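Student: Sequence:
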Amino acid sequence: MGELILCNRKETDVPYYLEQNMINIYSLEELNWYILNHTEYLDDSFVSDDLISWIAEELKDLELAGQLKEAVRKKITLAKKVRLLMDACGFCTKKEKDEIEYALAEVENKSEIECMKIRADRSLMNHRYVMAIREYMRLLQKEEAGKLATSVIGNIWNNIGVAHTGLFLYRDAARCFKKAYDYNNNPACMREMEEAWRMAAPDEKEQVYEVSEELQKTLEDIHKQWNDEEEVLEAFRDVLDKKKYIYESNGRWA
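In this note's numbering, the protein residues as written are 586 to 839.
One thing to keep in mind: the hints can contain errors.
The calculated label-pair distances, taken between Cβ atoms and stated as ranges, are [what the hints assert, rightly or not]:
| hint | residue 1 | residue 2 | range |
| --- | --- | --- | --- |
| 1 | 693 | 732 | 18 to 26 angstroms |
| 2 | 647 | 712 | 35 to 43 angstroms |
| 3 | 726 | 634 | 40 to 48 angstroms |
Here are the simulated lysine-lysine pairs, DSS-like style, with alpha carbons at most 25 angstroms apart [to be verified]:
| hint | residue 1 | residue 2 |
| --- | --- | --- |
| 4 | 682 | 659 |
| 5 | 666 | 679 |
| 6 | 665 | 654 |
Note that these hints are calculated values from the structure, not bench results. Because the structure is a prediction, the values reported are computed rather than measured. Heads up, the beta-carbon is just placed ideally off N, CA and C, and yes, glycines get one too.
Required output: the full structure, derived from the provided sequences and hints.
Tutor: Here is the structure:
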């Protein structure tokens with residue numbers, strides 16, 4: 586895990602394996618570390634019979650295991666079950682416990698698609714780019730994703746592009762921003778695409794022309810969408826500056 590964790594309770598030689606993130610847990614403190622740092626990936630399967638058995642048999646914490654078993658029997662919410670785990674040791678502060686409980690309660694009674702979007706967004710905000718990309722792609726592959734508004738799908742592709750940028754995969758990011766624009770027609774996505782190609786230092790003319798054509802379309806869209814003269818003029822300057830850069834760069838690559 587790369588962090589030093591002070592354990593005040595029993596540590597076991599037999600770890601509990603968290604398959605989703607491929608992590609071995611040896612103590613209740615480490616389990617709370619996981620809860621704190623991977624809140625977005627906790628779901629109803631987290632407090633499982635296997636986890637309760639491990640707490641009872643390996644950590645020898647029969648009281649906590651009994652509380653969790655009773656909570657499962659009564660179908661208590663995930664937020665409350667996780668709170669039991671956090672209250673059982675002093676790893677998390679009260680503020681952290683409250684925030685985690687609130688975050689888990691937030692996704693209760695939401696659809697699977699909504700929960701996946703929240704998990705992916707939180708991963709992105711926490712700079713877990715690979716996890717974010719994986720969750721966004723899983724979301725888009727769901728049958729229910731076909732019912733989402735095109736603007737929402739566009740925003741998801743934009744976020745996938747942001748995640749690729751965080752991994753320095755600028756070419757892939759540019760393609761994601763292009764796909765985002767195809768769905769939501771947001772000029773900001775077009776600007777992000779151009780910046781991503783610039784960071785990638787593309788050496789193929791076709792890529793330059795593609796960016797140039799899309800910027801031209803952005804310019805035309807601005808004509809249709811904006812009526813205020815000053816806003817139009819400002820947008821013209823911004824787009825033309827980018828076009829100038831692209832054509833100058835095209836000359837250098839020729």
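Student: Any of the earlier hints contradicted here, and which numbers?
Tutor: Failing hint: just 3.
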